[in-house]
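**Student:** So the chains spell out like this:
2 protein chains.
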Amino acid sequence: MLTERQLQVLQVIIDEFIHTAQPIGSRAIAKKEDISFSPATIRNEMADLEDLGFIEKTHTSSGRIPSEKGYRFYVDHLLSPSRLSRQEMTVIADTFQREMIEFEKVVQKSARVLSDLTNYTSIILGPRVFETTLKQIQIISLSDQAAVAILVTSTGHVENRYFNVPASMNASDLEKLVNILNERLTGVPIIQLQEKLYGEVAELLLKHSSDFEATYNYLKAALLEEQPVKLYMDGKTNILLQPEFNDVHKIQALYSVMEQEEEMANILRTSGEGIKVSIGQENQLDEMQDCSLITATYSLGEKQMGTIALLGPTRMEYSRVISLLNVLSKRLTNTFHSWY
Amino acid sequence: MLTERQLQVLQVIIDEFIHTAQPIGSRAIAKKEDISFSPATIRNEMADLEDLGFIEKTHTSSGRIPSEKGYRFYVDHLLSPSRLSRQEMTVIADTFQREMIEFEKVVQKSARVLSDLTNYTSIILGPRVFETTLKQIQIISLSDQAAVAILVTSTGHVENRYFNVPASMNASDLEKLVNILNERLTGVPIIQLQEKLYGEVAELLLKHSSDFEATYNYLKAALLEEQPVKLYMDGKTNILLQPEFNDVHKIQALYSVMEQEEEMANILRTSGEGIKVSIGQENQLDEMQDCSLITATYSLGEKQMGTIALLGPTRMEYSRVISLLNVLSKRLTNTFHSWY
DNA sequence: TGTTAGCACTCTTTTTACATGAGTGCTAAA
DNA sequence: TTTAGCACTCATGTAAAAAGAGTGCTAACA
Numbered sequence: 001m002l003t004e005r006q007l008q009v010l011q012v013i014i015d016e017f018i019h020t021a022q023p024i025g026s027r028a029i030a031k032k033e034d035i036s037f038s039p040a041t042i043r044n045e046m047a048d049l050e051d052l053g054f055i056e057k058t059h060t061s062s063g064r065i066p067s068e069k070g071y072r073f074y075v076d077h078l079l080s081p082s083r084l085s086r087q088e089m090t091v092i093a094d095t096f097q098r099e100m101i102e103f104e105k106v107v108q109k110s111a112r113v114l115s116d117l118t119n120y121t122s123i124i125l126g127p128r129v130f131e132t133t134l135k136q137i138q139i140i141s142l143s144d145q146a147a148v149a150i151l152v153t154s155t156g157h158v159e160n161r162y163f164n165v166p167a168s169m170n171a172s173d174l175e176k177l178v179n180i181l182n183e184r185l186t187g188v189p190i191i192q193l194q195e196k197l198y199g200e201v202a203e204l205l206l207k208h209s210s211d212f213e214a215t216y217n218y219l220k221a222a223l224l225e226e227q228p229v230k231l232y233m234d235g236k237t238n239i240l241l242q243p244e245f246n247d248v249h250k251i252q253a254l255y256s257v258m259e260q261e262e263e264m265a266n267i268l269r270t271s272g273e274g275i276k277v278s279i280g281q282e283n284q285l286d287e288m289q290d291c292s293l294i295t296a297t298y299s300l301g302e303k304q305m306g307t308i309a310l311l312g313p314t315r316m317e318y319s320r321v322i323s324l325l326n327v328l329s330k331r332l333t334n335t336f337h338s339w340y
Numbered sequence: 001m002l003t004e005r006q007l008q009v010l011q012v013i014i015d016e017f018i019h020t021a022q023p024i025g026s027r028a029i030a031k032k033e034d035i036s037f038s039p040a041t042i043r044n045e046m047a048d049l050e051d052l053g054f055i056e057k058t059h060t061s062s063g064r065i066p067s068e069k070g071y072r073f074y075v076d077h078l079l080s081p082s083r084l085s086r087q088e089m090t091v092i093a094d095t096f097q098r099e100m101i102e103f104e105k106v107v108q109k110s111a112r113v114l115s116d117l118t119n120y121t122s123i124i125l126g127p128r129v130f131e132t133t134l135k136q137i138q139i140i141s142l143s144d145q146a147a148v149a150i151l152v153t154s155t156g157h158v159e160n161r162y163f164n165v166p167a168s169m170n171a172s173d174l175e176k177l178v179n180i181l182n183e184r185l186t187g188v189p190i191i192q193l194q195e196k197l198y199g200e201v202a203e204l205l206l207k208h209s210s211d212f213e214a215t216y217n218y219l220k221a222a223l224l225e226e227q228p229v230k231l232y233m234d235g236k237t238n239i240l241l242q243p244e245f246n247d248v249h250k251i252q253a254l255y256s257v258m259e260q261e262e263e264m265a266n267i268l269r270t271s272g273e274g275i276k277v278s279i280g281q282e283n284q285l286d287e288m289q290d291c292s293l294i295t296a297t298y299s300l301g302e303k304q305m306g307t308i309a310l311l312g313p314t315r316m317e318y319s320r321v322i323s324l325l326n327v328l329s330k331r332l333t334n335t336f337h338s339w340y
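Protein chains in written order, with this note's numbering: chain R, 1 to 340; chain S, 1 to 340.
Since the hints were derived computationally from the structure, they do not count as laboratory data. Please note: incorrect hints may appear among the correct ones.
Which copy is meant is left open, because identical chains are indistinguishable; a pair holds if it fits in one copy or across any two.
To be verified - Calculated pairs, PhoX-like style, for lysine-lysine (alpha carbon to alpha carbon, straight line, at most 25 Å):
id	residue 1	residue 2
1	K135	K176
2	K109	K220
3	K220	K105
4	K230	K303
5	K236	K109
Start from the sequences, fold in the hints, and give me the full structure.
**Tutor:** Next up, the structure:
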């Protein structure tokens, strides 16, 4: 559909604009190495590219900038996978080299690396808990009124849930309670906790002693408490480095939406498997219409466990970002795999 | 030193400027209710106040704005404690009303309330762990190579430390280990963990079985690992609302410094007891020289446990902020007290 | 027929000039 | 001691002019 020459011109415009953030004129394009035609010819091609909607002008007599459709085409057809530099590879390797047994730390470091290497904002959605099973439950009494239940999942995730305890419960009662819970709930998928807890466990507990009822109610609430998704962000201030964001209102809008963790998590969660690119208006949220979001997933076996993403201006280094996300997501998947 | 009239004029200038962020001219001051002299008189007083360094001009023929020295004087001598509105009291009461047994949540909510009510950025330094004692320790094996130690402190704080386990350790070994640890370490102040661990516990463990040596080394590292201070911030985007921060570079500088959690924590930690006000250049960090930081402490018994603070422009509603911090810090102290 | 040089035209950006208005400092009168 | 009056300063706003970058179109060229 596009001629070879049009492709060349489009590529130059996008590559240039990604680095300079300035409109590109025909003269500038003509000066490029692999371009061997005059500015006038390029102007003709540019007029065509504009008619097709791949580039646009900022005003009547300005150079051209890529349109969102242009970026889309670029990402879909023009992108040459960029090799990571040796230095980048080293940084990444170092991150994963240390003996790491705590998933949270791995994720935090990954987020840091991503934002450091790109100057964009990295967002990582932590592994889904409900894909895992309960490994063990512990209850530790804090006072005569409060206790904390500690849940450990098969993926080594530890979670603390505080709850009230009626004064009538003593230490040995609690111990019995824990034993029953462990006996019945160990190995149960987190997602099935609720039905188990309502069903047999409730029965068993109440049969054991009617004193348990109040405790059971408190505990139930604590255990079933919807736990917030873990969202790791890094490099939020990187956005401020981008020239398209030297308007305080834009910053304000974007930061506000980034603070809505639930919403962001949702976007990442519903991103499909593999690398996905959302450019400008393709994003669900109005506040992100000047941005591009690139997501990749990591998994354990067949199950998709979480998402890593980079958020930047639509004028993004797509090629490099995609390569980076590819590498990082594979690393995360491997790390995850090696543990379980 | 200052005449009654000068005090009045200074007060009006600061009060006005705090609300409008605009230089105040003599005419505007003369129009104020409790001012009964002409603009010309006020101009004379203003010239004196400027000579004394309490106010300054933005340019030769502008109105006056408070200098940092002016704010300092205002805070030290002119401040009338502002009563919180009923609505504010309600919001705060609501925050603490719910039955709360988890300190982290209380702190998070306090931070939220502070930033919501003030439109500044709230920063809370969580309670110091080393003031507490170890209540219980649990070890849960995650795989044949990894385990997690769960520390519960006397304040109900729960902490997870992941560590490696040599393959030679089996479940009953681990159990023995936990028993020894609990027996010897329960009730020990966190700050003394190290010496205990190096001394008698090491001896005991190694005597028990030389197999424990490797495990002991891993565990020791995990337990003694310097845990990062918990810093809770809320309302970071509020800064963007302040007219003095519509310069992207200023935002950038301030946000960068806020991301340095260690540094921020240090500043809060070394703030003295009670309410402290740092105005502009009085702040340690260069990046905060356009800001004021107001801190208050909360405590358990005699021991100062943590700090709550508000960060905003030097043009801050000192009176209201101080009242708010007073109330909140007392509430936190009470909550803390009621638990232990 | 595709390519290119030439040129008028458009629109932004920068500069300059000028008018306006807020506010001051000073002087002199009350 | 206070205040009215006035010249002066400086920021802000507006308008016009100049500069510059880049386009679209036409006509010539290969």
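**Student:** Find the hints from earlier in the document that the structure breaks and name them by number, from lowest to highest.
**Tutor:** none
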